[in-house]
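Asker: So the sequence shown is numbered by our numbering: it starts at 970 and just counts up by one.
Some hints here could point you the wrong way.
[What the hints assert, rightly or not] Once the Cα atoms are required to be at most 20 angstroms apart in a straight line, the calculated EDC-like pairs of lysine to aspartate or glutamate come out as: (1) 1358 - 1348; (2) 1318 - 1267; (3) 1064 - 1103; (4) 1143 - 1032; (5) 1154 - 1103; (6) 1318 - 1348; (7) 1064 - 1112; (8) 1143 - 1063; (9) 1071 - 1125; (10) 1358 - 1008; (11) 1143 - 1166; (12) 1077 - 1125; (13) 1143 - 1162; (14) 1143 - 1181; (15) 1024 - 995; (16) 1064 - 1047; (17) 1143 - 1084; (18) 1358 - 1084; (19) 1024 - 1070; (20) 1143 - 1157; (21) 1143 - 1215; (22) 1064 - 1084; (23) 1143 - 1193; (24) 1334 - 1286; (25) 1143 - 1211; (26) 1358 - 1011; (27) 1071 - 1047; (28) 1143 - 1103.
Rather than coming from a laboratory, the hints here were simulated on the basis of the structure. This one's a predicted model, so the numbers in the text were calculated from it and none came from an experiment.
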Amino acid sequence: MSCLIRGWILALLLAAPAFALPGVHERNGRDLGVEYAHDMADGSTQHGQIFFHEKHVWSLTRDARATRFHLQYRLIVDSEEAETWDQPDHDNVEKLIAFVEKPWGDFKLNVGWQEISWGENLLLPILDVVNPRDVGYLRGFYDAGAKQSSPMLLGEWRSGPLDVQLIAVPWAVKSRQPDRVGDYKIADDRQYEVGRDSEYGGRLGMFLGGVDSRLYYFRHHPREPAYRFQAFSGETDIMIEEEMVETSGLSLSYAEASWLVRADLAWHRNFPATSIAAEVERTNLGQSIMGLTYTSDDGLQTLGVELHNDWWETLPEAYSKGAWTETDTERDQTFLTWLAVSANLSLLKSLLEPQIFFLQGLDNKDRMLRLIVSSPVSDRISIGSEYQKTEAATTSPKLLLNNKETLALRCTFSW
970 MSCLIRGWIL ALLLAAPAFA LPGVHERNGR DLGVEYAHDM ADGSTQHGQI FFHEKHVWSL
1030 TRDARATRFH LQYRLIVDSE EAETWDQPDH DNVEKLIAFV EKPWGDFKLN VGWQEISWGE
1090 NLLLPILDVV NPRDVGYLRG FYDAGAKQSS PMLLGEWRSG PLDVQLIAVP WAVKSRQPDR
1150 VGDYKIADDR QYEVGRDSEY GGRLGMFLGG VDSRLYYFRH HPREPAYRFQ AFSGETDIMI
1210 EEEMVETSGL SLSYAEASWL VRADLAWHRN FPATSIAAEV ERTNLGQSIM GLTYTSDDGL
1270 QTLGVELHND WWETLPEAYS KGAWTETDTE RDQTFLTWLA VSANLSLLKS LLEPQIFFLQ
1330 GLDNKDRMLR LIVSSPVSDR ISIGSEYQKT EAATTSPKLL LNNKETLALR CTFSW
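The task is simple: from the sequences and hints, build the whole structure.
Answerer: Dropping the structure here:
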């Protein structure tokens, strides 16, 4: 996107709230804050950031069938990127969601830039594949903040216990990549074409007998990118190779009093894996998450446990015991298991709200700890911190980009 186009978008976003638009206008809050994030494993990756976020909904009337326009965006000023604002690849508008919603009874159609969430799990998602992600996001690839909005057509029909979503993404958005992985620069030559590289799929949901069940299918570009190491190629030793992936899945959940039982199942066809070979290896991957959650009677405390499983039809060389060597290696461990626990707490009359997530590999050396602490200083001001440490096995297929240790501090003013 050129600097001129970005400038017009930024001007329109800032001016939109001031327009005296006819009809009904709902403003669902504004946030202004400052954040400092630091990569403790790599001291060179750190930044101070000022952000502004707001959400608007406009309609001509209060009629439930009226056309509505949704606008949500996040503007950032990053200290590390201050000298790159005039570069072609820089964009300080994040999380842009702008779409038109038109209801017709039980059916509605959304057209525009949107973000869709699929799946019922708490930790590492396996069905949330509609939107691409920012692979270099400091808080981790699986964080909800890493998701990028996409231009799409979304049709949704709800009637009684049934709901249906149909999604088409005619112009696919490339996943945002880091400049480097370790000491190696990434070459990103991906070119998406309308039609050939379009993404599409849908979801069918049914609530029956207390069980909420949903079927999923989506044809998409890989959400976890495949890197190919090409030695002696100059400054860009890491290449990105992509082929379309087909994800099918099922989620089930059942609530009884304070307990919630759920399961997510996914099957990824043509799933890619990072490789040092001439071509990226592709195979089929099955994943499952089975979880149990308890919520206290007052709704303030939540405890959960999850069992994660991956089954590889053929374990790629990059994830085998002897990856990164030229000799043939064993690929006998095609089933991998992780155990995750979580806690969302409210302490000291809600003055302190910690969230704890911990993942441990049962037959591998993966480990991840994430601690989020937030505190409302007043009705408008909140402060928070987040610490994350990832210890990934050298050949881990679960924790993207291996080891991380990050710390973030934030102060937000809302009105």
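Asker: Compare the structure with each hint and give your call.
Answerer: Now the hints, each set against the structure:
With a C-alpha separation of about 31 angstroms, the suggested pairing of residue 1358 with residue 1348 is violated against the 20 angstroms cut-off. Simply put, residue 1318 and residue 1267 have alpha-carbon atoms about 12 angstroms apart, close enough for the 20 angstroms limit, and the pair holds. At most 20 angstroms may separate the alpha-carbon atoms for a hinted pair to count; residue 1064 and residue 1103 meet this at roughly 11 angstroms. For the given pair, residue 1143 sits about 38 angstroms from residue 1032 by alpha-carbon distance, which is inconsistent with the 20 angstroms threshold.
Proximity of residue 1154 to residue 1103 is assessed by CA-CA distance (about 16 angstroms); at most 20 angstroms being required, the pair is judged to hold. Simply put, residue 1318 and residue 1348 have alpha-carbon atoms about 14 angstroms apart, close enough for the 20 angstroms limit, and the pair holds. Taken as a hint, the residue 1064 and residue 1112 pair is honoured in the structure, with Cα atoms around 14 angstroms apart against an allowance of 20 angstroms. Restraint check for residue 1143 and residue 1063: satisfied, since their Cα atoms lie roughly 14 angstroms apart, inside the 20 angstroms limit.
Pair hint residue 1071 plus residue 1125 holds up; C-alpha atoms about 11 angstroms apart against a cutoff of 20 angstroms. A threshold of 20 angstroms between alpha carbons decides the hint, and for residue 1358 with residue 1008 the separation of about 10 angstroms falls inside it, so the pair holds. Simply put, residue 1143 and residue 1166 have alpha-carbon atoms about 11 angstroms apart, close enough for the 20 angstroms limit, and the pair holds. Taking the CA atoms of residue 1077 and residue 1125, the gap is near 5 angstroms; set against the 20 angstroms cutoff, the hint holds.
Using a Cα cut-off of 20 angstroms, the hinted pair residue 1143 and residue 1162 holds, with the two alpha carbons roughly 11 angstroms apart. A threshold of 20 angstroms between alpha carbons decides the hint, and for residue 1143 with residue 1181 the separation of about 33 angstroms lies outside it, so the pair is violated. Under the criterion of a C-alpha separation no larger than 20 angstroms, the hint pairing residue 1024 with residue 995 is consistent with the structure, at around 9 angstroms. Restraint check for residue 1064 and residue 1047: satisfied, since their Cα atoms lie roughly 15 angstroms apart, inside the 20 angstroms limit.
A threshold of 20 angstroms between alpha carbons decides the hint, and for residue 1143 with residue 1084 the separation of about 14 angstroms falls inside it, so the pair holds. For the proposed pair residue 1358 and residue 1084, the alpha carbon gap of about 27 angstroms is over 20 angstroms, so the pair is violated. About 15 angstroms separates the Cα atoms of residue 1024 and residue 1070, which keeps this hinted pair within 20 angstroms; it holds. With a C-alpha separation of about 10 angstroms, the suggested pair residue 1143 and residue 1157 falls inside the 20 angstroms cut-off, and the hint holds.
Of the pairs offered as hints, the one joining residue 1143 and residue 1215 holds, with about 17 angstroms between alpha carbons and a cut-off of 20 angstroms not exceeded. With a CA separation close to 9 angstroms, the supplied pair residue 1064 and residue 1084 stays within the 20 angstroms bound. Straight-line distance between C-alpha atoms of residue 1143 and residue 1193 comes to about 12 angstroms, which keeps the hinted pair within the 20 angstroms bound. Restraint check: the Cα-Cα separation between residue 1334 and residue 1286 comes to about 18 angstroms, which is no more than 20 angstroms; the hinted pair holds.
For the hint pairing residue 1143 with residue 1211, the CA-to-CA distance comes to about 11 angstroms; that is within 20 angstroms, so the pair holds. Annotation: proposed proximity of residue 1358 to residue 1011 holds, straight-line Cα distance about 12 angstroms (limit 20 angstroms). At roughly 36 angstroms between alpha-carbon atoms, residue 1071 and residue 1047 are farther apart than 20 angstroms, so this suggested pair is violated. Proposed proximity of residue 1143 and residue 1103 is supported: the alpha carbons are some 9 angstroms apart, at most 20 angstroms.
In the structure shown, a violation is registered for the earlier hints numbered 1, 4, 14, 18 and 27, in ascending order.
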